[in-house]
Amino acid sequence: MRQQLPLTIIFVIGVFMALQYFVPHQSSEFIYEYALDWVIIIGVFAMALGLWSLFLVHFAKIQKKSAGWGYSTIAILGLVYMLIAGALWGIEEGSPFMKIFWYIYTPIQATMFALLAFYIASAAYRAFRVRNILSTILLSAALLLMLRLIPIGPLSGPIQDIDRWILGVPNLAAKRAIIIGVGLGIVATAIKVVLGIERSYLGKD
Amino acid sequence: MSHRIKAFLALLTVALPLTAFSQDTLTLPAPPQEVQAFDTPNDNGHSIAIRWKLSADDGAGANSVTMYEILRAESPEGEFVSRGVVAAGTSTYDDRGDKNTNRPNYFPSGTNFYYKIRAKAGELSSDSEVAGPASAKGQWYHTGKTVVLIFMGIFMIFVLIFIRQAQKGKELYVRPIGGIAAVDEAIGRATEMGRPILYVMGLGAPNDIASIASYTILSRIAKKTAEYQTPILVPCNDPIMMSIAQETVRTAYLDAGRPDAYKEENIYFVTSMQFAYVAAVNGIMLREKTATNFYLGKFFAESLILAETGSIAGSIQISGTDEVAQIPFFVAATDYTLIGEELYAASAYLGREPLLLGTLKAQDWAKGLIMVLLIGGALAATLHWDFFVKLFSVKV
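These protein sequence lines map, in sequence, to chains A and B. Residues 1 to 205, numbered by the numbering used here, are exactly what the first sequence covers, in order. Residues 1001 to 1396, numbered by the numbering used here, are exactly what the second sequence covers, in order.
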């Protein structure tokens, strides 16, 4: 029973969702949208669980004085401040909530994103090291693609042609092969879950 | 020549073309012909399709038509109201509206409507004959998706055949995948080092198939970590995913006979904001000194930041995603990468259960079929066999 009930629900909902794709009638649309609304409702309630989990984890760290417990204090203070600020003064522009959002959160987020440039450089260094024939081909293709963005007089024309071929033929072929594989993988996974073939996440009977 | 004659000639020069122009514009455009109104096929029942033959003065004749206005009424003699305009040269219009009765653009299903098309040439216009009645009806089957249905059916047949073979005990060969073969080694390494394992499910939604594949892999990995008594940390970006991950890991520990070793506090919610999540996970890697990092699921711009930090921290890393744009980053920065569909196959590989391996074989056969069709399509395109392309067209 511990497995049969969830498997039955998954089967019924899964088969309905698969059939729904082929039924444009508004009744089918209605049930589909109704199901999606439920996802939102569950998400809102789950957020309370998430907040509780966040609080417990950081509170435990502060209590045990674990490594980085100071950050946990800031996390909890931030959480409490944003909850109170949002509840008392709203989230309109200029409110204390939005000030923290625009002047602290957004710059920190932008900083994290900006780190990507440095990580790309270090990853590229490792990826483009000439170790064997394949990495040499990769390096050559990358160099040609980078040169495309630089005006280098009469050489620009032929380089553009080569780059167009690299992007339009081998690159696109590989991408499409992956996309076809992913598509089949998605269908296979859905079938496995809906038919109850894949039930590892439910444990043993 | 006197000034008077000169002035008269100048007046004629200006006035004659003007007279000719006004004669042109005063001619009414020819009305559109053969107007048809019918229920739009394959829809939810809130749209009527209108087709007509262009006015004789559209692109030919006086070439004066600039646009067509679509007019609708509930009776042939009723008051026609404008439903939209299309540019000259267009002979189709789908009059669609909202399905919700409380919306201003509500389009009732089952109500008879009459249409006429107005050809407009500047201020002048002429109307077509009234067409109709036509009413919108929802369909119970989308004929444009028959090809998808057929392929789904074929794939299902493959799946059932191979599952049957697996049930009969036939050995099914699946090629080894480096990233999956390394899972045991990676968990073993963490156990030897006495450090935790980090499992990141990505930033997908809980109902993304990549996330679902990630739960199934998490279940297999958690069972092994329970057997090896190695802690597994699962920071989540979504509370629903957190709940699913907690249940999955709890069940895996129960299956491994180690329910006491399960720690709910190791599977927790961090944040749903992308880069805040990255910052938190990077901090976990550096503070907890995780020996092994798994990144399996849906990843976006954060993939490289996570993988590079793990690489700098010296962790062994196994990644897998179906996001084509992120695969190169993972290939560059992690030790093993499950490319695209390998993410979906990983659970079957780890479990080695015959039924699951059967679905993998079915996938291979489906890929074989697609390869044959691709070659056939390339040949058909080369030989201009358009019917072959039309055979596979899908109307969404």
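Each hint should be verified, as a subset may be incorrect.
With a straight-line cut-off of 25 Å between C-alpha atoms, the simulated SDA-like cross-links for lysine to any residue are [said to hold, decoys possible]:
| no. | chain 1 | residue 1 | chain 2 | residue 2 |
| --- | --- | --- | --- | --- |
| 1 | B | Lys1145 | A | Ala35 |
| 2 | B | Lys1168 | B | Lys1289 |
| 3 | B | Lys1289 | A | Lys175 |
| 4 | B | Lys1367 | A | Phe22 |
| 5 | B | Lys1224 | B | Met1273 |
| 6 | A | Lys175 | B | Asp1208 |
| 7 | B | Lys1395 | A | Ala190 |
| 8 | A | Lys64 | B | Glu1265 |
| 9 | B | Lys1390 | A | Ser66 |
Calculated directly from the structure, the hints in this document are not laboratory data. Just so we're clear, the structure is a prediction, and the values are computed from it rather than from any experiment.
Task: In rising order, the numbers of the hints this structure does not comply with - done: 2, 3, 5 and 9
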